[in-house]
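Asker: If you read the protein sequences in the order shown, they are chains W and E.
The letter at position 184 of the first sequence is residue 184 when you use our numbering, and the numbering goes up by one with no holes.
The letter at position 253 of the second sequence is residue 253 when you use our numbering, and the numbering goes up by one with no holes.
Treat the hints loosely; a few may be bogus.
Stated by the list, open to error - Computed from the model, here is a short list of chain W residues facing chain E with C-beta under 8 angstroms:
#1 Y127
#2 D131
#3 D313
#4 K315
#5 E644
#6 T649
#7 V693
#8 D696
#9 Q699
#10 Q706
#11 K712
#12 Y777
#13 E778
As the list claims (entries may be wrong) - Here are the simulated DSSO-like cross-link-like pairs (lysine-lysine), alpha carbons at most 30 angstroms apart as the crow flies:
#14 K108(W) x K2(E)
#15 K290(E) x K110(W)
#16 K781(W) x K255(E)
#17 K290(E) x K647(W)
#18 K94(W) x K492(W)
#19 K212(E) x K233(E)
Hints were generated in silico from the structure; no laboratory data involved.
The C-beta atom is built at its ideal place from N, Cα and C for all residues, glycine as well.
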Amino acid sequence: MTTEVKTKVIGKSVWRNEDPRLLTGMAQFVDDIELPGMLHAAFYRSDYAHARIKSIDVSAARARPGVVAVYTAEDFGDYWHVGPLQVPPPLAIKGAQFNARPLVPIAKDKVRYSGEPLAVVLAESRYIAEDALADIYADLEPLPAVTDMEKALEPGAPLVHDDLGTNLAADVYQQVGDYEAAKAKADVVIARRFFKDRCAGGAMENRGIVCAWDEKAQKMTVWCGTQAPIPMRNAIAKNLGLSEDQVRLVIPFIGGGFGPKVMTSMPDDVLLPWLSRKLNRPIKWIEDRRENFLATTSERDQIHYAEIALTKDGKILGVKDVFYHNTGAYDPYGMTVPLNTQTHTLGQYDVPNFYTQIKMVFTNKMVVTPVRGAGRNYGVFVMERLMDLAAKELKMDPVEIRMKNLIQPHQLPYKTGIIGQDFVENVLDSGDYPASLKKAVEMIGYEKFVKEEQPRLRAEGKWVGIGVVNFVEGTAVGPYEGARVTVGNNGKVVVLTGCSTQGQAHFTTFAQLVAEQLGVDVKDVHVTTGDTDQFHWGAGTFASRGITVAGSAVYAAATKVRAKALSLASKLLETPEEELELADGVVRVADLPSKFIPLGELAMKANPTRGTIEPGVEPGLEATAYYAPPHGATGYGTNAIILEVDKETFDVKIRRFVFVHDCGTVVNPMVAEAQIHGGVQMGIGTAFFEQLVYDDNGQLLNASFQDYLMPKATDMPMKMELGHLSVPSPLNPLGLKGLGEAGAIPPPAAYAQAIENAIHDVDFEILDMPLNPSRLYELVKAARKK
Amino acid sequence: MKPAAFEYYAPVSVEEALDLLDQLGYDGKILAGGQSLIPAMNFRMAQPHALVDLNRVKELFYIKSAPDGSLLIGAMTRDVTVEFDKMVAERLPVVTETMPLVGYYQNRTRGTYGGNLAHADPTGQLPTISVALGARAHIRSKTGERWVEMDDFYLGPFTTILEPQEMLVEVAYPALPPRSAASFKEFTRQVGATPMVGVAVLVTLDDKNRFKNAKIAYLGVGEKPYAATECVKVLLGQEATAEAIRAAAETAAQKDVDPGTDIHGTADYRRNLVNVLTRKALTQAVQSAKK
Numbered sequence: 001m002t003t004e005v006k007t008k009v010i011g012k013s014v015w016r017n018e019d020p021r022l023l024t025g026m027a028q029f030v031d032d033i034e035l036p037g038m039l040h041a042a043f044y045r046s047d048y049a050h051a052r053i054k055s056i057d058v059s060a061a062r063a064r065p066g067v068v069a070v071y072t073a074e075d076f077g078d079y080w081h082v083g084p085l086q087v088p089p090p091l092a093i094k095g096a097q098f099n100a101r102p103l104v105p106i107a108k109d110k111v112r113y114s115g116e117p118l119a120v121v122l123a124e125s126r127y128i129a130e131d132a133l134a135d136i137y138a139d140l141e142p143l144p145a146v147t148d149m150e151k152a153l154e155p156g157a158p159l160v161h162d163d164l165g166t167n168l169a170a171d172v173y174q175q176v177g178d179y180e181a182a183k184a185k186a187d188v189v190i191a192r193r194f195f196k197d198r199c200a201g202g203a204m205e206n207r208g209i210v211c212a213w214d215e216k217a218q219k220m221t222v223w224c225g226t227q228a229p230i231p232m233r234n235a236i237a238k239n240l241g242l243s244e245d246q247v248r249l250v251i252p253f254i255g256g257g258f259g260p261k262v263m264t265s266m267p268d269d270v271l272l273p274w275l276s277r278k279l280n281r282p283i284k285w286i287e288d289r290r291e292n293f294l295a296t297t298s299e300r301d302q303i304h305y306a307e308i309a310l311t312k313d314g315k316i317l318g319v320k321d322v323f324y325h326n327t328g329a330y331d332p333y334g335m336t337v338p339l340n341t342q343t344h345t346l347g348q349y350d351v352p353n354f355y356t357q358i359k360m361v362f363t364n365k366m367v368v369t370p371v372r373g374a375g376r377n378y379g380v381f382v383m384e385r386l387m388d389l390a391a392k393e394l395k396m397d398p399v400e401i402r403m404k405n406l407i408q409p410h411q412l413p414y415k416t417g418i419i420g421q422d423f424v425e426n427v428l429d430s431g432d433y434p435a436s437l438k439k440a441v442e443m444i445g446y447e448k449f450v451k452e453e454q455p456r457l458r459a460e461g462k463w464v465g466i467g468v469v470n471f472v473e474g475t476a477v478g479p480y481e482g483a484r485v486t487v488g489n490n491g492k493v494v495v496l497t498g499c500s501t502q503g504q505a506h507f508t509t510f511a512q513l514v515a516e517q518l519g520v521d522v523k524d525v526h527v528t529t530g531d532t533d534q535f536h537w538g539a540g541t542f543a544s545r546g547i548t549v550a551g552s553a554v555y556a557a558a559t560k561v562r563a564k565a566l567s568l569a570s571k572l573l574e575t576p577e578e579e580l581e582l583a584d585g586v587v588r589v590a591d592l593p594s595k596f597i598p599l600g601e602l603a604m605k606a607n608p609t610r611g612t613i614e615p616g617v618e619p620g621l622e623a624t625a626y627y628a629p630p631h632g633a634t635g636y637g638t639n640a641i642i643l644e645v646d647k648e649t650f651d652v653k654i655r656r657f658v659f660v661h662d663c664g665t666v667v668n669p670m671v672a673e674a675q676i677h678g679g680v681q682m683g684i685g686t687a688f689f690e691q692l693v694y695d696d697n698g699q700l701l702n703a704s705f706q707d708y709l710m711p712k713a714t715d716m717p718m719k720m721e722l723g724h725l726s727v728p729s730p731l732n733p734l735g736l737k738g739l740g741e742a743g744a745i746p747p748p749a750a751y752a753q754a755i756e757n758a759i760h761d762v763d764f765e766i767l768d769m770p771l772n773p774s775r776l777y778e779l780v781k782a783a784r785k786k
Numbered sequence: 001m002k003p004a005a006f007e008y009y010a011p012v013s014v015e016e017a018l019d020l021l022d023q024l025g026y027d028g029k030i031l032a033g034g035q036s037l038i039p040a041m042n043f044r045m046a047q048p049h050a051l052v053d054l055n056r057v058k059e060l061f062y063i064k065s066a067p068d069g070s071l072l073i074g075a076m077t078r079d080v081t082v083e084f085d086k087m088v089a090e091r092l093p094v095v096t097e098t099m100p101l102v103g104y105y106q107n108r109t110r111g112t113y114g115g116n117l118a119h120a121d122p123t124g125q126l127p128t129i130s131v132a133l134g135a136r137a138h139i140r141s142k143t144g145e146r147w148v149e150m151d152d153f154y155l156g157p158f159t160t161i162l163e164p165q166e167m168l169v170e171v172a173y174p175a176l177p178p179r180s181a182a183s184f185k186e187f188t189r190q191v192g193a194t195p196m197v198g199v200a201v202l203v204t205l206d207d208k209n210r211f212k213n214a215k216i217a218y219l220g221v222g223e224k225p226y227a228a229t230e231c232v233k234v235l236l237g238q239e240a241t242a243e244a245i246r247a248a249a250e251t252a253a254q255k256d257v258d259p260g261t262d263i264h265g266t267a268d269y270r271r272n273l274v275n276v277l278t279r280k281a282l283t284q285a286v287q288s289a290k291k
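Looking at chain W on its own, in the form it has when it is part of the complex (with noise of 0.2 angstroms):
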């Protein structure tokens, strides 16, 4: 299938604007910036996960040469607040219960996770900086620390917050249809626990952020690398009582965002700018990797009692879901990552009957917040294990069993009956589910392998076995983002917006938009995605919505301003708008090309110094547009993979590796193939490698790259094979849909899938996640054992 957009630019693997700057070492990034005067900041974080503060001891340190300053809680008085809570939860689900306790910015009277901040050092360096917290002794009582989901909504439990009497954060329920009715006609109920373990979001460049205060014109000048530059503007304005626009928030190149930059209400955004005002001198602040490990928002922990009741013949008549989701110490992102998990639990399959409930929990566990992926990964782990232990209880193929039950192209849009992070009702709006599976069996060759190669290898000794998963990934979500577009006087082309990039490729793939529209070389669209001097509407980069909902305003904005430069053209080339066209940056008659005007000159017409316009008319080749989604785009695939495990070491190597995806019109195919890659490398981490390992007492045991471990490229496929459909969405004017989390999704299902393939000749089930060596070494011992 090909899009049905006709296009010049859009759909081309144009090379990226950015890339020059940053490969060349010329990009900025926050800690780049340096400014006269300018302190650095170094919290002092607990080492306890839980504790009552008794006292803090700074005096040695404020003593120390080359410290200015050295804050606690008490030294902030009344500025000191709790939250906000950044994000509300939804109203629209009946009888949901939330229990909001947002972030502190800084620890007052108790800690509640390892690496909380205690105190901040304001010093001429960051090395005096970090020797001054050497010099502090908080006196701290160490309280029983409560880490496990389901321990913590015991009897008796120690609370996370004492005033709440209870670790419950959140108790949602939502259901469609009567799944208990149904399970009493199923022939077969199938009922297991899971449990899926958290991982860091960890992005290359860590947090960071400078602020500045100017006290001569009242403002606060902020650079940060924020993946939502406008909230975090109006969080800050807010803070300190400064109306918006006394604060400018610039976002230099960011190294990765991955979720927990989507963060506003962080102890350095609440506090640098507090101080940096409050000692009228710039603040910086660059975290270390340790303090990402253990105090930047992570991913979720989450146990799953989850069931389904299904006919003889394999079709679904229900799912049931009950799950506890750590939030960790507080909840400041409402319930996003569980609605994430209850909007993604059935994927692509129709299922008449489903009760989904979410526990989330207080633990002394660091905060958790979205990380790609966000909660839709657990969801889809969840039934497709089930599907899995389904056809193995039915003697049915997997695959058999997925395309027996999927969602047949003319039931979209599909209206799910389940409210999501946007607060609406989840709809699937386009695509074809079963090209999907189709596309990728037949690119991994499902039935020669099966048939043919597999019985040789085994026959061989090798453990090799094939997994196909399916998925969705809810993408781009409300409310809304914005863009204004302008032609300069030398016709290039400036694009404003607030939804910044962390690596995305908006600087290429919002030029190719406006390219497409006004008939220039993409390299001649210049874009800046976070200045909030220059745009300030918007919400941010995050649930894969930048191409869709920011792209489709620059889009708008760009169809606007090529209406404006028809209509102003026609009038001086005197020849109506329809014979006229935009290529090689001018406008010029179709038929007769050596009858132009360069857009630069109609753009300096359109803006005269004097003389008159035309009433209506506004000045400039300029335009602002918005685009609000009535709910997001949901884009899917299927991830087919041919795994072999090692049989002495356990360890497991991947020979194929088949991603098949649908993001609706690809704007820039070499960029979303690399959102692919990426993704897929996070999803590869969540099924093996990666892992927070947390010991009873909340402490974090793997706080460093060196147990941490990160997929590298040696543990990627040798080849990606990556299968395209693009069914448009009817969601927006180009057909968009999001695509930025995709690949981080199917992984571990498919892991899973393939492993226990793999090893044909043990009987065992894959319920936890991620696995390691060690972990499959002992599965396959407990169960030869039996």
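Please arrange chain E on chain W, whose structure you already have, making use of the hints.
Answerer: Okay, now just chain E, sitting in the frame of chain W:
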């Protein structure tokens, strides 16, 4: 992640360096390639009062043959130099083959051979190989020098018999007897990552292909390179068959090692790795020794 303040000295001769170490005593710390020390300082896990940087001490950079046939490697020789050295490849192919497993190429361009040995990482490949090969450490101080068997060099994790005023200046590998060969095998989760278990073996066969001598050393199963004894007893005098090797590997896993459980693997899984890797290493060494 900035180091605490420290003094810095950059001597140009061994003599000058030894003088400095003598003056500084426990306050002094040698900086070789800095691939382990510098990160430890950035984490403030190490806060030496003074660094004695040996990178300008030219006399410590060499690989040469001694009159008795042993191979001498100067402490500051870069790991990459050893990796691509022809004499090393000829005489100690096990070192050449193992070098690519030591960190990453970039680390090896700065990392030094002596620094690696003296760092005493319990998961280090070179210390374990050196124990298996019966290497000797040449240690000097302002007041004297001594030679120590690598077997006796290590005391525990990141701890050696080196006194603060002493410096490892050279390591000597004795020439292998006829019909001898060495082999190293390890298991890592990722290329270049810390190995979970590794084994270095040196075997000598007699003219009837019986094990005349064997040395088997492990990394990752204890606090320092661990030379096994029980599995060697199983081998000596036996014909070098697959069965004999299998029995020795089983013995190593069950009787010699006592690994622990950590976040990367259970004790039992590590025993399994000891078994598998010992078998593979012995098999390869025997094949080479027969040639």
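Asker: Each hint: holds or not?
Answerer: Going down the list of hints, with the structure as the test:
no.	hint	in the structure
1	Y127	5 angstroms, holds
2	D131	6 angstroms, holds
3	D313	41 angstroms, violated
4	K315	41 angstroms, violated
5	E644	16 angstroms, violated
6	T649	6 angstroms, holds
7	V693	5 angstroms, holds
8	D696	14 angstroms, violated
9	Q699	12 angstroms, violated
10	Q706	6 angstroms, holds
11	K712	6 angstroms, holds
12	Y777	5 angstroms, holds
13	E778	6 angstroms, holds
14	K108(W) x K2(E)	28 angstroms, holds
15	K290(E) x K110(W)	68 angstroms, violated
16	K781(W) x K255(E)	20 angstroms, holds
17	K290(E) x K647(W)	28 angstroms, holds
18	K94(W) x K492(W)	52 angstroms, violated
19	K212(E) x K233(E)	11 angstroms, holds
Violation of the numbered hints given earlier is confined to hints 3, 4, 5, 8, 9, 15 and 18; the remaining hints are satisfied by the structure.
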